[in-house]
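Peer 1: Here are the chains, one letter per residue:
There are 2 protein chains.
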Amino acid sequence: MEIVVVGSIALDTIETPWGKAEDALGGSATYASIAASYFAPVKIVGICGDDLDEKAHQMWRDRDVDTKGLQIVKGGETFRWGGRYHQDMNRRDTLFTHLNVFEHFHPQLPESYRDAAIVLLANIHPSLQLEVLDQVRAPKLVAIDTMNLWIDIALDGLHEVLKRCDLLFLNDEEAKQLSGKSQLLPAVEALHAMGPKWVVVKKGEHGAILFTESMRFSTPAVLLHQVYDPTGAGDSFAGAFLGSLAKEGEFGDDALRRAMVHGTVLASFVTEQFSVDRLLGIDPSEIVGRCEELSAMTRWPEKL
Amino acid sequence: MEIVVVGSIALDTIETPWGKAEDALGGSATYASIAASYFAPVKIVGICGDDLDEKAHQMWRDRDVDTKGLQIVKGGETFRWGGRYHQDMNRRDTLFTHLNVFEHFHPQLPESYRDAAIVLLANIHPSLQLEVLDQVRAPKLVAIDTMNLWIDIALDGLHEVLKRCDLLFLNDEEAKQLSGKSQLLPAVEALHAMGPKWVVVKKGEHGAILFTESMRFSTPAVLLHQVYDPTGAGDSFAGAFLGSLAKEGEFGDDALRRAMVHGTVLASFVTEQFSVDRLLGIDPSEIVGRCEELSAMTRWPEKL
Chain A
1 MEIVVVGSIA
11 LDTIETPWGK
21 AEDALGGSAT
31 YASIAASYFA
41 PVKIVGICGD
51 DLDEKAHQMW
61 RDRDVDTKGL
71 QIVKGGETFR
81 WGGRYHQDMN
91 RRDTLFTHLN
101 VFEHFHPQLP
111 ESYRDAAIVL
121 LANIHPSLQL
131 EVLDQVRAPK
141 LVAIDTMNLW
151 IDIALDGLHE
161 VLKRCDLLFL
171 NDEEAKQLSG
181 KSQLLPAVEA
191 LHAMGPKWVV
201 VKKGEHGAIL
211 FTESMRFSTP
221 AVLLHQVYDP
231 TGAGDSFAGA
241 FLGSLAKEGE
251 FGDDALRRAM
261 VHGTVLASFV
271 TEQFSVDRLL
281 GIDPSEIVGR
291 CEELSAMTRW
301 PEKL
Chain B
1 MEIVVVGSIA
11 LDTIETPWGK
21 AEDALGGSAT
31 YASIAASYFA
41 PVKIVGICGD
51 DLDEKAHQMW
61 RDRDVDTKGL
71 QIVKGGETFR
81 WGGRYHQDMN
91 RRDTLFTHLN
101 VFEHFHPQLP
111 ESYRDAAIVL
121 LANIHPSLQL
131 EVLDQVRAPK
141 LVAIDTMNLW
151 IDIALDGLHE
161 VLKRCDLLFL
171 NDEEAKQLSG
181 KSQLLPAVEA
191 LHAMGPKWVV
201 VKKGEHGAIL
211 FTESMRFSTP
221 AVLLHQVYDP
231 TGAGDSFAGA
241 FLGSLAKEGE
251 FGDDALRRAM
261 VHGTVLASFV
271 TEQFSVDRLL
281 GIDPSEIVGR
291 CEELSAMTRW
301 PEKL
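Respectively, the protein sequence lines represent chains A and B.
Numbering follows our numbering, in which position 55 of the first sequence is assigned residue number 55; successive positions increment by one, without gaps.
Numbering follows our numbering, in which position 273 of the second sequence is assigned residue number 273; successive positions increment by one, without gaps.
Hint data in this document are derived by calculation from the structure and do not stem from the laboratory.
Glycine is no exception: its CB is placed at the ideal position from the N, C-alpha and C atoms.
Just so you know, not all the hints are guaranteed correct.
With a straight-line cut-off of 25 Å between C-alpha atoms, the simulated BS3-like cross-links for lysine-lysine are [said to hold, decoys possible]:
hint, chain 1, residue 1, chain 2, residue 2
1, B, K140, B, K163
2, A, K247, B, K303
3, B, K163, A, K20
Selected chain A positions facing chain B (in silico; Cβ < 10 Å) [as the list claims (entries may be wrong)]:
hint, residue
4, P186
5, A190
6, H192
7, M194
8, K197
9, E213
10, F217
11, D283
12, S285
13, S295
14, T298
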């Protein structure tokens, strides 16, 4: 199966307690497309200025990501985001947001994109996510990732998107904020009622939980000696999750469990360096190694 | 195997967003002894005033907890603690601490306690934990639970205890504080170097992780519709963990995994009501049911 990913392409300026990166390639569509490309064919939809260097475009070519849906604005500046992480990496401050070319963006799906089986509406404004949904013909699976910003300023649009989605990715704070419930289980029940039959609650260093009608599946995060920069971990989780499903071509319970594991593992790589530096050039054996590490960490006793 | 539990016996005044309890039975030894009693014989060491009502004493009798090591001070007042939880139940404020009879407490182990195979030094001042260690003869397993307060004001004593312990229970913030490391894995390595060969990091609603030389085992928390009051969850975890090991009589990897599961499950019951209200009278079938729920939530796909 093929995946269409729509989201942001950004140049990020990031400070963490361990270092700083300026104008480093980022954005939800960037992370999600690269992570998904380890598993299945990916087509990206987005916008950038011609200040995005050739290295970025070469990266998509190297990962066989189809960029026909990428709009490159001549003389335009790429979206820029600045953020700062503290010792507690689960929290961050946004320092600045320059929309630039994003301000007048309307996603245009090339004809060859419109029959994709899987659509990932990565983290962008809900109105843009809706425009994509109006252009795809009969996806088998529509997934949405979102963030607190859209819950704050575009709630109606977000609800519209949710009605048309099968799968919602969000973190635990967002789950509580969007549902208005202070505890996780009632929050997830409320989210299901908004549309998505599957909800994945991402919890950063505490792992993630998948909720479907028939099951719940919890994975811990991969334990790392040093989380360097968590930016893009959630986007990479979503990309790898859907890539894993696309590769299998079916969405049974075990396929969903494997998707959770692959999402968790790809997200772990991202956090080890700034930008996509660690996400590029992962050896397949490294992915298998971390899957086995997670498996060992959750190996249940032979009997209770 | 038998377990000796030393810790506090308290009357707690607790406020949560959902309600308030005054002078409700609590304390680390109370929770730990009751939780452990579902699995193995327990002997408690502690102190209380004669204001502790007959109901509390009857409770220990009902659970077959040996109270020969319990000092009841005539005319004395039981230790009292007041705390307030907010919407984010992972954080709490201490409103008051009245040591009362605790101020001059020195644990005295009856002769019949001194050959116990398992010793739980539940959360009390490290100097009292040391006094207990000087009275037991040849325990097979010594476990310690601690808190941020002792890291702040009794660090040297805590280090002394740690050198003589096999197993350390603490939460993730305490792990970082005690080790001086901001990330979990280096923190746990530093804790191992302080003495305990096994470390259990408790993460509240995010579950717990056990670290030994040969393995790591992660369990999610039981998902509840309503966490009512988390007080005593960590103590109950420790009690049930050791109870489970005591019942098995050996400390192999699968026995440790089952201990993690039992700790997680007993902790989940405690949080559903104030005080020990839910911890008393749990039907064994309810314990099995929640173990199976956790097992289902972490069931790994048949193949990766």
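Peer 1: Please name the hints from earlier in the document that this structure breaks, with their numbers sorted from lowest to highest.
Peer 2: The structure conflicts with hints 3, 5, 6, 7, 8, 9, 11 and 12, although it agrees with all the remaining ones.
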